[in-house]
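Visitor: What follows is each chain in one-letter form.
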Amino acid sequence: MAEEVNLICTACPQGCTLTAVIENGEVIEVRGYNCKKGIDYGVAEMTNPRRMVATTVKVKNGFHPLLPVYTERPVPKPLITQILDEIRKVEVTAPVKMKSVIVENVLGTGVNVLASRDMPAKQ
Amino acid sequence: MALKNIYDVVVVGSGPGGVAAAIEAKKNGADDVLIIERDYELGGILVQCIHNGFGLELLKEDLPGPAYAQHFIEEMLSLGVEALLNTMVLDITPNRHLFVSSKEHGYVEIEARAIVLAMGCRERTRPQIRIPGMRPNGVFTAGTAQRWVNVEGYMPAKDVVILGSGDIGMIMARRLTFEGAKVERVLEIQSYLSGLSRNLVQCLQDYNIPLQLNHTVKRIMGKNRVEAVEAVQVDEKWNFIPGTEEIIPCDTLLLSVGLIPENELSRKAGVKLDPITGGPYVDETFQTNVPGIFAAGNVVHVYDLVDWVSEAGFEAGKRAAQYAISLRNAEARYIPLKAGKNVRYVVPHKLDKSSLAQEDIRLQMRVTRPIEQPVWIEVHDGENLITRKAEKYVRPGEMVTVVLKTKNYSDVSKANSLTIDINPR
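Sequence lines, in order, name chains A and B.
With this note's numbering as the guide, the letters of the first sequence map in order to residues 1 to 123.
With this note's numbering as the guide, the letters of the second sequence map in order to residues 1001 to 1425.
Among the hints, a few may not be true.
[To be verified] To be clear about the criterion: a stretch of chain B counts as covered by chain A if any three or more of its residues have a C-beta under 8 Å from a C-beta of chain A, and this derived list gives those stretches: (1) 1138-1148; (2) 1359-1372.
[As the list claims (entries may be wrong)] Here are the simulated lysine-lysine pairs, DSS-like style, with alpha carbons at most 25 Å apart: (3) B:K1407 x B:K1350; (4) A:K77 x B:K1103; (5) B:K1341 x B:K1405; (6) B:K1237 x B:K1182; (7) A:K122 x A:K97; (8) A:K89 x B:K1218; (9) A:K37 x A:K89; (10) B:K1103 x B:K1004; (11) B:K1237 x B:K1218; (12) B:K1103 x B:K1341; (13) A:K97 x A:K37; (14) B:K1268 x A:K89; (15) B:K1268 x B:K1223; (16) A:K77 x A:K99; (17) A:K60 x A:K36; (18) A:K58 x A:K97; (19) B:K1350 x B:K1405; (20) B:K1389 x A:K99; (21) B:K1353 x B:K1338; (22) B:K1060 x A:K97; (23) A:K77 x A:K60; (24) B:K1353 x A:K122; (25) A:K58 x B:K1389; (26) A:K77 x B:K1182; (27) A:K89 x A:K99; (28) A:K58 x B:K1341; (29) B:K1158 x B:K1218; (30) B:K1405 x A:K77; (31) B:K1405 x B:K1392; (32) B:K1389 x B:K1353; (33) B:K1353 x B:K1341; (34) B:K1414 x B:K1341; (35) B:K1338 x B:K1268; (36) A:K89 x A:K58; (37) B:K1060 x A:K37; (38) B:K1158 x A:K36.
These aren't lab readings, by the way, just hints derived from the structure by calculation.
Beta carbons are placed, not taken as given, at the ideal position from N, Cα and C, and that holds for glycine.
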């Protein structure tokens, strides 16, 4: 018996309403998408859901006390809490350049955590 | 940085709309472009929007807010736009004079051939939605909490209720969860979500944060700090439904109940506002009813996507540059007529050089003192004599006339000014 699951695509801000059709644990069809990203999202969301993660790390001697950071690609959703714990351990020293690697291959996901901006040193 | 007295384009606000406007103004031929920011760094609200989702349309990349801002700020500065930080625009006049104040420059008047208003929005606050109850600490707008958590490093909450399902509120629900707070729920007075559906999924549902539609806060409780809020269900006219009240213990109430375009300056400049958007009435070039004053971004109406704000800024900046250039060209056509030796004044005071190509222009003047002997009335551009006329004498009581002929056009067209001297022959 095929099962239908309704989803909202988060690939872009349009937020298309998708329907994933599942049979024997496999996605056999995705309906309601407006672009190819929707198909990929529908399949991934039912099998291996991933999310972008953005947070901050502490900065020594920075223009601000915190540096915003983000995962360069989406990471597995069940790992988000552990990934946040890993990132929280990090403290960097200003100056930092945008897109420099703050955590390499976070939690073995193959995804780097990058600086979201330049952080100049305190003036 | 030394300030100029006059700029082609002055942009007020360095959020995404303002930065985009400055970029396109410069690319479309505006010479001097100045962007004014009251904060101590450029970027506007994007500085605190550390979540992803910016740039998917314009840059084809999923960037956090600060990275999106930095991308365009770098482009703007590399084009030679001047940036003025820590500076407040106090007033703008309909003829495009800005009065600004800063620690570095003091109180300064700056003239602009065109202005782009890009002041963005402010959040609606508790008094604007009139929530009854106590007035303890712990009631914040979502954006205020966002600034503290993401930029300044303060954690303002342990146990949170969020009123309003706007995007900032949902994003802060996830953010505060990341930082260890418990978000009890999100209440929305309307029967539908007010933010983007994707944020319902990735900010609330992913973290099992309940959303209650048709619900609002009836009362805030707590003496020094928020201790609880009383939630209630509402009918379609937003009346409380008796018997549906629920006390939710919490130490913080975040408000995500809408944004209001910030148009105090626009009003001072004589810009007409639309009561529905709260922003200026604009034409397809984003020009307001005041000629030469343009507006772009959330100051006009609240956008869903920063990419669209940038696009509005691009258009407004380009049109502002075109306006400034046409004004500059019109200014350049005119040259002043100066009263020189023994001349008290000349009428006209200035002339449009191109009109001399069509017809003769009569210059009339009075002398300062009588000269009872033959004189030359000499019109020159500082170096070359353009024309002269002989008179037997000149007296202050008798007006003197000299005519510029169309044959003088080629000489006059090269001049920056004309001076008239009266010398004895």
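Visitor: Now tell me, hint by hint, if it's right for this structure.
Guide: For each hint, the structure was consulted:
1. Counting residues of the stretch 1138-1148 of chain B whose CB lies closer than 8 Å to any CB of chain A gives 0, so the stated coverage by that chain is violated, three being the minimum.
2. Figure legend: the stretch 1359-1372 of chain B, annotated as covered by chain A; annotation inconsistent (0 residues with Cβ-Cβ distances under 8 Å, at least 3 required).
3. Distance check on the hinted pair: K1407 of chain B and K1350 of chain B sit about 19 Å apart at the alpha-carbon level, within 25 Å; holds.
4. Simply put, K77 of chain A and K1103 of chain B have alpha-carbon atoms about 48 Å apart, too far for the 25 Å limit, and the pair is violated.
5. Pair hint K1341 of chain B plus K1405 of chain B holds up; C-alpha atoms about 22 Å apart against a cutoff of 25 Å.
6. Pair hint K1237 of chain B plus K1182 of chain B does not hold up; C-alpha atoms about 31 Å apart against a cutoff of 25 Å.
7. Annotation: proposed proximity of K122 of chain A to K97 of chain A holds, straight-line Cα distance about 14 Å (limit 25 Å).
8. Proposed proximity of K89 of chain A and K1218 of chain B is contradicted: the alpha carbons are some 41 Å apart, above 25 Å.
9. Taken as a hint, the K37 of chain A and K89 of chain A pair is broken in the structure, with Cα atoms around 34 Å apart against an allowance of 25 Å.
10. Distance hint between K1103 of chain B and K1004 of chain B is fulfilled; the C-alpha atoms sit about 17 Å from each other, no more than 25 Å.
11. A hinted pair counts as satisfied when its Cα atoms are at most 25 Å apart, and K1237 of chain B with K1218 of chain B qualifies at roughly 15 Å.
12. A threshold of 25 Å between alpha carbons decides the hint, and for K1103 of chain B with K1341 of chain B the separation of about 45 Å lies outside it, so the pair is violated.
13. Pair hint K97 of chain A plus K37 of chain A does not hold up; C-alpha atoms about 31 Å apart against a cutoff of 25 Å.
14. At most 25 Å may separate the alpha-carbon atoms for a hinted pair to count; K1268 of chain B and K89 of chain A exceed this at roughly 50 Å.
15. A C-alpha spacing of about 40 Å is found between K1268 of chain B and K1223 of chain B, which places the hinted pair above 25 Å, so the restraint is violated.
16. A distance of roughly 22 Å separates the Cα atoms of K77 of chain A and K99 of chain A; the hinted pair therefore holds under the 25 Å criterion.
17. Taken as a hint, the K60 of chain A and K36 of chain A pair is broken in the structure, with Cα atoms around 43 Å apart against an allowance of 25 Å.
18. Distance check on the hinted pair: K58 of chain A and K97 of chain A sit about 15 Å apart at the alpha-carbon level, within 25 Å; holds.
19. Distance check on the hinted pair: K1350 of chain B and K1405 of chain B sit about 16 Å apart at the alpha-carbon level, within 25 Å; holds.
20. Pair hint K1389 of chain B plus K99 of chain A does not hold up; C-alpha atoms about 74 Å apart against a cutoff of 25 Å.
21. Restraint check for K1353 of chain B and K1338 of chain B: satisfied, since their Cα atoms lie roughly 15 Å apart, inside the 25 Å limit.
22. Between K1060 of chain B and K97 of chain A the CA atoms are separated by roughly 21 Å; this keeps the pair inside 25 Å, and the hint holds.
23. For the hint pairing K77 of chain A with K60 of chain A, the CA-to-CA distance comes to about 30 Å; that exceeds 25 Å, so the pair is violated.
24. The straight-line distance between the Cα atoms of K1353 of chain B and K122 of chain A is roughly 55 Å, outside the 25 Å bound, and the hint therefore fails.
25. Straight-line distance between C-alpha atoms of K58 of chain A and K1389 of chain B comes to about 81 Å, which puts the hinted pair past the 25 Å bound.
26. The suggested pairing of K77 of chain A with K1182 of chain B holds, with an alpha-carbon distance near 19 Å, which does not exceed 25 Å.
27. Annotation: proposed proximity of K89 of chain A to K99 of chain A holds, straight-line Cα distance about 19 Å (limit 25 Å).
28. Of the supplied pair hints, the one linking K58 of chain A and K1341 of chain B is violated, its CA atoms being roughly 72 Å apart against a limit of 25 Å.
29. The hinted pair formed by K1158 of chain B and K1218 of chain B meets the criterion: a straight-line CA distance of about 21 Å does not exceed 25 Å.
30. Of the supplied pair hints, the one linking K1405 of chain B and K77 of chain A is violated, its CA atoms being roughly 83 Å apart against a limit of 25 Å.
31. Between the alpha carbons of K1405 of chain B and K1392 of chain B the distance comes to roughly 22 Å, so the proposed pair stays at or under 25 Å and holds.
32. Distance restraint check for K1389 of chain B and K1353 of chain B: the Cα-Cα separation of roughly 21 Å lies within the 25 Å cut-off, and the hinted pair is therefore satisfied.
33. About 23 Å separates the Cα atoms of K1353 of chain B and K1341 of chain B, which keeps this hinted pair within 25 Å; it holds.
34. Between K1414 of chain B and K1341 of chain B the CA atoms are separated by roughly 22 Å; this keeps the pair inside 25 Å, and the hint holds.
35. The suggested pairing of K1338 of chain B with K1268 of chain B is violated, with an alpha-carbon distance near 36 Å, which exceeds 25 Å.
36. A threshold of 25 Å between alpha carbons decides the hint, and for K89 of chain A with K58 of chain A the separation of about 9 Å falls inside it, so the pair holds.
37. The suggested pairing of K1060 of chain B with K37 of chain A holds, with an alpha-carbon distance near 13 Å, which does not exceed 25 Å.
38. Restraint check for K1158 of chain B and K36 of chain A: not satisfied, since their Cα atoms lie roughly 41 Å apart, outside the 25 Å limit.
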